[in-house]
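A.B. asks: Got two chains here, each in a separate frame; can you build the complex from them with the hints?
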Amino acid sequence: MRREPGPGPILADRRSTGGLPIVARGVSFVRGETTILADIDLTITRGGRTIILGPNGSGKSTLLRILHGLIEPTRGTVTWNGAGNRPAEQAMVFQRPVLLRRSAEANLRYALKLARVRGNDADRRILEVLTDVGLTDVATRSARVLSGGEQQRLALARAWALDPAVLFLDEPTASLDPTATRAVEQIVSDIHAHGTTIVMTTHNLAQAKRLADDVVFLYGGRITERRSAELFFRSPQSAEAVAYLEGERL
Amino acid sequence: MHTLSDSVALALRLIAGFDAKLVEIVRLSLLVSLISTTLAACIGLPLGAAVAVARFPGRGIVIAFLNALMGLPPVVVGLFVYLMLSRAGPLGGFGILFTPQAMVIAQTILIVPILAALSRQIVEDAWSEYREQLTSLGAGMVGSATTLLWDTRYSLATVLLAGFGRAIAEVGAVMIVGGNIDGVTRVMTTTIALETSKGDLPLALGLGLVLIVLVILLNFAAHATRAWSRTHFG
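If you read the protein sequences in the order shown, they are chains A and B. In case it helps, my numbering puts the first sequence at residues 1 to 250. In case it helps, my numbering puts the second sequence at residues 251 to 484.
Chain B extracted, bound-state conformation (with noise of 0.2 Å):
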């Protein structure tokens, strides 16, 4: 058991040595959380830009529907997948359960509806400021909602650090259908998780700043976006 000091004495000199353990759960994660996020987008953008620009009956309870999937419960989304990836559920003849596909599944379902309804809200306040002059210029709906996509992508961009950074973060689905396995689908979040309650600090405490830092990356990332898209587009 380490005193505190010694842990985080410890850890700085884990990252600051490029552990390898360290370094593989780094890597991992990143490529787990990216490939999510980025499968998501191609999932939650159109969504969003469909519903935003879309007119049609039952739409109120769509948007609704979405804005409610934003505060899914990890576990709960961890266990639906289980169920599904599950030697018996229907697509357990794949056999991914405990590996980092079944990890990007989870955290794709996690993070599309947070896509689809942050990107709805940026792409309906600007088609109401546009609608008149796409509609007059002829952009049909497809057209329009691809125009717009394209047109917020910096504030989407910013949609897209938030989603990422909720799938970097998340502990309880991954580690459902992840089975956190050492070597094969052991990321940051739950690698803390199981250091800590072992009582060895040290590789749990390098890990979270690491994984903070990665957070306050992100943040300072999309602020920059946001400013450098205002001074230069508008």
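Chain A extracted, bound-state conformation (with noise of 0.2 Å):
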């Protein structure tokens, strides 16, 4: 049984200070010779659903692991609120989920100890999440044995319990079969109408169609347009959007 949207009582607060507008300013990030990302301008707000596009090797992990402060920019800066460091209310769920090698729970456990929940605040979390994303079955089993679809849940289940104000996800249905990225997609669009703001990458059309209420698209490292997700869809801007909507090899 799925809860009603809302914040969740036990980090509601963590929520109202969630670190946004996240504001990034001529952000550049080179690694050696390559030049990964260029003069990116970039601001995320409270309760959208924003999908970074683009084809691979356009610089959409290294823009998101910017702005969840993972990395430094080479060039530019990033503020979250106003502040120059990384808050604590956000969250990120990797392509490959990591997880500890200890239970379903215990991976959830731990994530809500670094957040400072403990005692019943956390069994009662632990459990509402687990319900949330269909694993409450496999809550004591290793995590790490658990089906690839089971470990994005978990992973997904992890960065839920935390509610976090904003919510990165890194292509997260990248090794997943359609039935597992449909279930990924409900629990993301759950999470999404629990309040928490939504950033995720993805090459895939039809995912960020279903999911974004805005569109970043990111080609060669810059952002060559971004709109709200039916205009981008409809009548894209740039030559390059236009060639990748169209299929056409960039």
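If you are wondering where the hints come from, they were derived from the structure by calculation, not from laboratory data. What you were told as hints is all true, and nothing was included just to trick you.
According to the in silico footprint, chain B covers these stretches of chain A (three or more CB under 8 Å from chain B):
1) 63 to 73
2) 80 to 92
3) 96 to 103
4) 110 to 118
5) 134 to 147
For every residue, glycine included, the Cβ atom is placed at its ideal position computed from N, Cα and C.
C.D. replies: What follows is the structure, given as structure tokens:
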């Protein structure tokens, strides 16, 4: 049984101070001789589902990591609600879920412990999110022996358990079959319905259409277009986006 | 002087009959090596994890140094500990030269680099996989290192067994600092060396067999631990 949309009571105060808006100004990222991102200006505001779309190698994952504060830009700045330090009220789910060698439940408990949620509150939260993602049956099983789809749902549950203000997702369904992909998309929608801002990378156009409120199109390390999803898919403005949507090789 | 077959037969009889002297030597060997491995684990594993996770100037040199120390010559360690613990040495006041405590110290010094270097490699491999996720969750350096130590516990169990194997098979250092005193500091390896030099082979062979069986069992245990963990924890 799914919970009604609304902030979870345990971590609701985290949500209210979630480091939004996230503002990237003049962000570039260079590795060796290769410019991965160039002069990115981007603002993430509260509440939406932003899909960062683009072909392989366009810099999507790097941009997501910079917005989450995992890596620092070579040039430019990122601020979270005006501050220069990454706030704790964010979570990220990676393409390949990184789970600890312990039970599914213990993986959630670990994340909650880092967020200083313990005891009965932690127990309750764990039960809630495991129910939400449909993994109560495997709560005591080792996380690493779960199927790929279950592992990704568990990674989402771990992120959701923290009631993040912003959830970053780096191609979370890239290695999943269609059924598992739809399950993950449903969970992402549920998390969003509970008030979490979603920022997600994908190169799956159908998925972007299903999930996006607005689209940031990235090509060659530059944002060539940012529009509402409806406008983007109906009438893309940049030549690169047009070519990408038409399935041409970029 | 026994023939080889006589010696083997006598050795087997000593083992089968739980010869008191043999049992006492085996007991002391196990005790000293277990304590050494425990102490070395308390130092080496956190050290290895810290070097794996932390980034600091000269880290490469520290890693190279740790790796080099894995090949510490036991007799040199024995000599060093002897000089420290001898009456004229800085720690001579403790009066523990030629005691099992001195042997524990020597063995600990010998295996700390082994545990630190091997655990550093294991934890660093895990860190490359976990780093972004742990950082995202807000785990600090200490928290990450502790988490990685726990998460790689089955691989580290193999490292501990390797350290214990090295400790129990060691002869040079414990001979120097223990003195091979009968009933006090005589362990399997030093007894084998002494009895062989005396030409009294049954006890040496008996202890040799026990030692080989122990080493084989340790290797089986290491293998079984890894296989079990892969099945149950992925």
